[in-house]
Amino acid sequence: MSSFLLQRILQGIVIMAVMSVIVFAGVYAIGNPLEVLIPPEATQDVRARTIARFGLDKSLVEQYFLFISNLFQGDLGQSYIYNEPVLQLIGNRLPATLELVLTAVLGATFIGVPLGIYAGYKPDSVTARTIMAVSILGFSVPTFWVGLILILTFAVSLGWLPSGGRGDTAELFGIDWSIFTLDGWSHLILPATNLALFKLAIMIRLARAGTREVMLSDAVKFARAAGLSETTILSRHVLKLISIPIVTVFGLELASTLAFAVVTETIFSWPGVGKLIIDSIKNLDRPVMVAYLILTAGLFVTINLCVDIGYAVLDPRLRRGRAE
Amino acid sequence: MTAAGKPISEAPILEVRDLATHFFTRAGVVKAVDGVSFSLNRGEIIGLVGESGSGKSVTGFSLIGLVDPPGRIVGGSVKLEGQELVGLNDAGLRKVRGARIAMVFQDPMVTLNPVLTIGQQMHLALAAHESISKRAARARSAEALTRVGIPDAPARLDAYPHQFSGGMRQRVAIAIALLHGTKAIIADEPTTALDVSIQAQILSEMRELAREMGTALVWISHDLSTVSTLASRILVMYAGRIVEEGPTAQVLRSPRHPYTAGLLRSLPAMAKPGTDLEQIPGTTPSLLDLPEGCPFRPRCDRASELCAKDPPMTRADDRGYRCHHTLEEMVSA
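Respectively, the protein sequence lines represent chains A and B. Note that the first sequence covers residues 1 to 324 in full-length UniProt numbering. Note that the second sequence covers residues 1 to 333 in full-length UniProt numbering.
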């Protein structure tokens with residue numbers, strides 16, 4: 001197991017190194033930030049000084065290695081626009097995204113999987129058909145539209161919930177969190193629901209498909225022949241048998257939503273990283289873009305590693321180096 | 001001839017009367033089991049033999065009320081120690097399954113859950129019928145595994161099914177079936193998926209266990225030679241019905257139904273070396289479209305006009321057969 005872990009960590013490091021080159025070159029190719037940084041009426045002198053200050057006079061390769069050596073000192077550079085260290089900028093916004101996305105993905109999983117199992121267990125029941133209808137809606141209705149409708153319904157018409165922002169926050173480990181205050185929750189619930197809907201639909205479908213397949217298996221029939229109750233069969237046998245695809249999708253969804261919750265964050269003015277990246281792309285804020293993309297790659301690598309470990313925990317057949 | 005010298009007068013542990021299980025498919029009603037009757041005495045081993053599609057497995061599943069839709073038991077009676085199982089509700093059946101009648105399946109590769117340890121699966125099977133502590137469950141499970149011949153049982157409880165060989169897995173399945181001291185086990189081709197040498201081992205162990213624990217067995221198989229080494233009685237099934245039954249030795253020596261005779265002739269062990277094996281001509285009829293009268297008629301070389309009428313079950317001196325032109329009739333004629 002530990003050699004497997006080491007191997008995966010090494011792989012992750014290689015991926016990160018490759019990603020950093022691709023990201024750096026890609027962002028370099030998008031455009032020259034000088035047009036944004038320097039006012040058109042600036043003198044030649046100011047222009048030259050600015051270029052030198054940001055190191056833009058150096059070659060791409062030189063800039064890259066400068067970036068990497070700074071990276072190892074924990075310095076991801078300074079935002080052109082906010083004049084703040086990038087790390088601090090992202091660090092301030094990441095918790096907001098983190099709590100929003102975790103609430104959405106965890107909620108979708110813990111609600112979606114039981115619903116899906118039920119729908120797979122009793123596929124012909126009215127409840128199952130209703131669940132599947134809801135999941136089709138979750139799939140097909142665009143996120144931004146659902147977000148707007150949620151605001152219209154619960155914030156504008158009913159006035160039950162606020163339409164945007166994070167609300168009151170409470171501090172833990174020096175970071176502000178909305179999930180620790182009631183007001184924070186009232187702000188969180190709409191955007192989290194909005195984000196969760198699509199994932200809920202996926203989880204329902206995955207769990208349903210898996211359950212339908214597993215229920216027909218001899219393993220379930222044998223468990224029934226041993227007199228196990230249906231509840232035990234579902235909770236102990238079926239749940240574990242269908243969990244591999246669920247964990248896979250959970251990891252993928254968690255990572256991609258963390259990186260790209262942009263639409264929901266914009267609609268609900270949620271001050272997360274999604275909004276930050278869109279702003280920095282608009283402003284050609286290179287350091288923010290590069291740091292953000294590299295952090296995202298790191299996030300994917302880490303989550304995939306966790307998913308792989310999860311596989312090994314869930315399915316003994318996938319544990320390498322442990323066979324007898 | 002009853003097994004192990006048990007008195008005939010003792011009430012049978014399992015009594016099946018006119019059991020009928022039909023599948024209501026879009027193409028029509030499939031009469032997979034159509035009027036099967038037999039009884040199983042305590043400690044007795046009977047063999048249920050037939051080709052694929054003859055309804056022998058469905059019979060097995062019907063006995064424990066585990067017929068998958070669109071199938072359903074449409075008639076008859078299954079009495080386990082006097083208790084009627086046909087028509088019993090799910091909760092009632094659940095209490096019976098595993099505790100008083102158990103089943104072992106064909107393919108040990110797929111009957112055990114691959115993601116749970118053997119110990120966990122045995123604990124679940126124990127907990128299904130009694131409240132038991134984890135420790136007690138482990139002790140009981142280890143004991144059950146030892147009984148079926150698994151070495152180093154306490155350590156093997158933490159192993160997963162894929163860490164066992166096929167034969168060992170089937171032993172685990174048998175151990176699970178025996179956990180509650182079940183008096184009747186339905187074994188649905190439990191050795192078919194195994195190597196021949198392992199088959200022989202499991203067969204002799206099953207016979208030994210059945211004798212030791214007084215467990216009665218319904219041994220379902222397509223393999224007449226396997227059954228003949230094990231069972232004291234043989235039931236031959238064809239197209240959802242029992243066409244011949246009787247004590248093993250007698251049925252093997254002098255089959256009365258042409259189908260049984262055909263089965264016997266197609267056994268390699270019965271053939272002269274170097275000659276072609278005899279086959280029963282034709283194939284098993286579709287249960288959706290059974291010929292009128294005797295279902296074996298199209299494949300039978302003895303068929304006559306009389307066979308357009310369904311032959312009744314004739315019972316005489318501990319044997320039974322469903323044929324208008326029994327082989328003995330031929331001999332005596």
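If you're looking for bench data, these hints aren't it; they were derived computationally from the structure. Model, not experiment: these values are computed from the prediction. Just so you know, even glycine gets a beta-carbon here, dropped at the ideal spot from N, CA and C. Worth double-checking, as some hints may not be accurate.
Computed Cβ-Cβ distance ranges for the label pairs, DEER-style [unchecked claim]: (1) A:Glu-213 with B:Glu-212: 49 to 59 Å; (2) A:Ser-3 with B:Gln-201: 31 to 41 Å; (3) B:Gln-201 with A:Ser-217: 21 to 31 Å; (4) A:Glu-230 with B:Met-109: 52 to 62 Å; (5) B:Met-313 with A:Arg-129: 39 to 49 Å.
Looking from chain A toward chain B, a few residues come up when the C-beta cut is under 8 Å (computed) [said to hold, decoys possible]: (6) Gly-159; (7) Pro-162; (8) Val-249.
Evaluated hints:
no. : hint                                 : result
1   : A:Glu-213 with B:Glu-212: 49 to 59 Å : violated (39 Å)
2   : A:Ser-3 with B:Gln-201: 31 to 41 Å   : holds (38 Å)
3   : B:Gln-201 with A:Ser-217: 21 to 31 Å : holds (27 Å)
4   : A:Glu-230 with B:Met-109: 52 to 62 Å : violated (24 Å)
5   : B:Met-313 with A:Arg-129: 39 to 49 Å : holds (47 Å)
6   : Gly-159                              : violated (49 Å)
7   : Pro-162                              : violated (44 Å)
8   : Val-249                              : violated (18 Å)
Comparing the model with each numbered hint stated earlier shows that hints 1, 4, 6, 7 and 8 do not hold.
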